[in-house]
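Add chain Y to chain A, keeping to what the hints say.
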Amino acid sequence: MTKKLLLGVEAIGQGAIDGGISGVYAYPGTPSTEITEYIQGNKLAVSRNIHREWSANEKTALESALGMSYAGKRAIVCMKHVGLNVAADPFMNAAMTGINGGLIIAVADDPSMHSSQNEQDSRYYGKFAMIPVLEPSNQQEAYEMTRTGFDLSEKLGTPVLLRITTRLAHSRAGVIPVHSATVENNLKLPSDPLQFILLPAFARKRYQTLLDKQVDFERFSDESPFNGIIEGADHSLGIICCGIALNYLLENFPDGSPYPILKITQYPLSSKMVKKFEKLVDKLLIIEEGYPIVEEQLKGFFDYGKPVSGKLDGTLPRSGELNPDIIAKALHLKSASCNAIPPLVANRPPALCKGCGHNDLFLALDEVMSDYGDGHVFSDIGCYTLGVLPPYHSGNTCVDMGSSITMAKGAADAGLFPAIAVIGDSTFTHSGMTGLLDAVNEKSNILIMIGDNESTSMTGGQDSAAFGRIESICKGAGVGSEHIHVIGALPKNHEKLVSLIRHEIDYQGVSIIIPRRECVQKAARRISERKKENSGLNVL
Amino acid sequence: MKCDIVLAGVGGQGILSIATVLGFAALENNLYLKQAETHGMSQRGGAVQSYLRLSDRPVYSDLIPFGKADLILSVEPMESLRYLPYLSAEGYVVTNITPFMNILNYPEIELVMDEIKRLPRFVAIDAEAIAKEIGNSKTSNMVMLGAATPFIDIALQSIEHGIREIFGRKGEEMVSLNLRALHAGREFALANR
Numbered sequence: 095m096t097k098k099l100l101l102g103v104e105a106i107g108q109g110a111i112d113g114g115i116s117g118v119y120a121y122p123g124t125p126s127t128e129i130t131e132y133i134q135g136n137k138l139a140v141s142r143n144i145h146r147e148w149s150a151n152e153k154t155a156l157e158s159a160l161g162m163s164y165a166g167k168r169a170i171v172c173m174k175h176v177g178l179n180v181a182a183d184p185f186m187n188a189a190m191t192g193i194n195g196g197l198i199i200a201v202a203d204d205p206s207m208h209s210s211q212n213e214q215d216s217r218y219y220g221k222f223a224m225i226p227v228l229e230p231s232n233q234q235e236a237y238e239m240t241r242t243g244f245d246l247s248e249k250l251g252t253p254v255l256l257r258i259t260t261r262l263a264h265s266r267a268g269v270i271p272v273h274s275a276t277v278e279n280n281l282k283l284p285s286d287p288l289q290f291i292l293l294p295a296f297a298r299k300r301y302q303t304l305l306d307k308q309v310d311f312e313r314f315s316d317e318s319p320f321n322g323i324i325e326g327a328d329h330s331l332g333i334i335c336c337g338i339a340l341n342y343l344l345e346n347f348p349d350g351s352p353y354p355i356l357k358i359t360q361y362p363l364s365s366k367m368v369k370k371f372e373k374l375v376d377k378l379l380i381i382e383e384g385y386p387i388v389e390e391q392l393k394g395f396f397d398y399g400k401p402v403s404g405k406l407d408g409t410l411p412r413s414g415e416l417n418p419d420i421i422a423k424a425l426h427l428k429s430a431s432c433n434a435i436p437p438l439v440a441n442r443p444p445a446l447c448k449g450c451g452h453n454d455l456f457l458a459l460d461e462v463m464s465d466y467g468d469g470h471v472f473s474d475i476g477c478y479t480l481g482v483l484p485p486y487h488s489g490n491t492c493v494d495m496g497s498s499i500t501m502a503k504g505a506a507d508a509g510l511f512p513a514i515a516v517i518g519d520s521t522f523t524h525s526g527m528t529g530l531l532d533a534v535n536e537k538s539n540i541l542i543m544i545g546d547n548e549s550t551s552m553t554g555g556q557d558s559a560a561f562g563r564i565e566s567i568c569k570g571a572g573v574g575s576e577h578i579h580v581i582g583a584l585p586k587n588h589e590k591l592v593s594l595i596r597h598e599i600d601y602q603g604v605s606i607i608i609p610r611r612e613c614v615q616k617a618a619r620r621i622s623e624r625k626k627e628n629s630g631l632n633v634l
Numbered sequence: 366m367k368c369d370i371v372l373a374g375v376g377g378q379g380i381l382s383i384a385t386v387l388g389f390a391a392l393e394n395n396l397y398l399k400q401a402e403t404h405g406m407s408q409r410g411g412a413v414q415s416y417l418r419l420s421d422r423p424v425y426s427d428l429i430p431f432g433k434a435d436l437i438l439s440v441e442p443m444e445s446l447r448y449l450p451y452l453s454a455e456g457y458v459v460t461n462i463t464p465f466m467n468i469l470n471y472p473e474i475e476l477v478m479d480e481i482k483r484l485p486r487f488v489a490i491d492a493e494a495i496a497k498e499i500g501n502s503k504t505s506n507m508v509m510l511g512a513a514t515p516f517i518d519i520a521l522q523s524i525e526h527g528i529r530e531i532f533g534r535k536g537e538e539m540v541s542l543n544l545r546a547l548h549a550g551r552e553f554a555l556a557n558r
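Residue numbers (our numbering), protein chains in the order written: chain A, 95 to 634; chain Y, 366 to 558.
Source of the hints: derived by calculation from the structure; they are not laboratory data. Predicted, not measured: the structure shown is a model, and the values here were computed from it. Wrong hints could be hidden among the right ones.
[Stated by the list, open to error] The list that follows gives simulated cross-link-like pairs (lysine-lysine, DSSO-like), each with its CA atoms no further than 30 Å apart:
#, chain 1, residue 1, chain 2, residue 2
1, Y, 535, A, 448
2, A, 366, A, 299
3, A, 98, Y, 535
4, A, 626, Y, 482
5, A, 137, Y, 535
6, A, 423, A, 400
7, A, 448, Y, 497
8, A, 400, A, 221
9, A, 98, Y, 367
10, A, 626, A, 137
11, Y, 503, A, 448
12, Y, 367, A, 428
13, Y, 497, A, 625
14, Y, 503, A, 625
15, Y, 535, A, 625
16, A, 97, Y, 535
17, Y, 503, A, 616
18, A, 616, Y, 497
19, A, 626, A, 98
20, A, 400, A, 370
21, Y, 503, A, 626
22, A, 299, A, 221
23, A, 98, A, 221
24, A, 98, A, 616
25, Y, 503, A, 423
26, Y, 535, A, 616
27, Y, 535, A, 626
28, A, 97, Y, 367
29, A, 98, Y, 503
Extracted from the complex, chain A is given alone in its bound form (with noise of 0.2 Å):
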């Protein structure tokens, strides 16, 4: 088979329609959304007609491909690391029902937090759960751990989360896939009819179920051929390695590391494994990426046995994703020498494209609130998110999906007035709406606007669940029609906006304003399609 040159995330979508996937389920996120575009755009995928729409949430998606695998058939969920937060509930369920047919957790993390509000380790989240958690070292591994993964959890009953961090996922690199595909499983209902029932009497006996799985979980780490040691010379040092922190070792030995490495791809931590490493060498290093989760579970609280340090003793740095040369650092390695950045370099920030809906929402919304003040304006998860920054200083909130109207009725709840909410329109349908029901419910005393440019935006315009249903939905939720209003974002409609917002903040109870306008990148994507239609060539 040819070699392909896949981003980390194409090959665990790769890996996922090899594995025999009937299903893939995903709320966009960087850096996990393009494992979810890759199959979607796949030939097999698509003549399979492997399910491949996108999910309201993180939830709703984790609760389908659940569902996939009660009919039998093998799924893969994908996310990023907090949309696993949203998920939360139903991934440790999953852990306590178990599984029918494969199913893969695919979670993404963002360490350095180059496109997210923190950076979470979602290994923690496989310890919570005491699911076997797969951490491929590189994108032909992410690959095969993907593929081999739906065999994985279908021989050991339980969900597995796969967990990648942002390098992995947006680098390219030569994967070689498999010959074929396997086969799709046949519909079978779980051979257990209580296996997904978990009312307390029963549940208690899953929970059993999932304590005994932990010793064949342990077994199977041990027994990977993706985790295991490789020898070095000097003894007087032993390196754990988890996942792509290997790489950035050996990038300072290319030739080799003079010391031993436990390369580990597979959690839980295999004791016999480490044990078996430990007596190997006369102390520790574990590089891994994200929290010191490994680092930790071997350090102990005593300090006793051979000394580890990582990041807990600043061996390394706590935050912050790795590189070669933090590593080459904690080896006291030589640097090659290197230039200084030129003092006159500005920073480069991101901002609202040119042409934006959302610039003319913020235009307006400034103007009104300079009358009331900087700190009344919760904002939420998306491209609407840069409105906090100049030129607009538009926002004085931004914490998790949905957060604007729930903390705007706080705050409200509080006594601040006017308080205003700022939310797109796919995080309105992702976690916005149930916020709505419990202002509408108690008549809080807020403004919502929901900039809608009928896509998702911020992850690259995929298709958004609120898409023509954003005044249906705020209706049936039971705020007044007389207080809906939908107004082109345009500059023209400048003196509208801002007389519409300062008329719906004199209101006391639920306003929603919707400024709409296509997403400019949409429509210059979509023009650009039609063109090529129009042209009679082919579309990729």
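Just chain Y, lined up with the frame of chain A:
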């Protein structure tokens, strides 16, 4: 053979088209390759970079260590300076000279150019002007790639083949435009290195 390249620009300038062509050429030559890209938030007009690593030996890290890049290829002048810590002592900077001014505090362009001219090895090229001469300003990224080819140890034919593959579905005219852009950039670099 080993060539570590930092591709630099501003979100939306399309630096990945350069990486795609080089990636194709590398694969054709059975080279090992890793290419880390910027996706997500920074794509909205922020500083973006791609680390492209080509070698006849396995490539481990997706990131280039400081002081090890053989080439900084930037489609925007100030962005070429942002990645100088990655440049090796013998490395080249190949940069476009047209500034992309989407920030209020963009420094005086003369000062930016002075910094570039202070570098021991650089090619500063007006990719837009050359692309316009060729007849399509959209080919400026291929002009930039052409200007970098003297410093990348891959046969020119492979890079041309990459362009044919990548632009083939846009029609023969686009292929030949981009090939002309590639050669024009290369000639400029050979004359002005």
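Of all the hints given earlier, name the ones this structure violates by number, lowest first.
When the structure is compared with the hints, numbers 4, 23 and 25 turn out to be violated.
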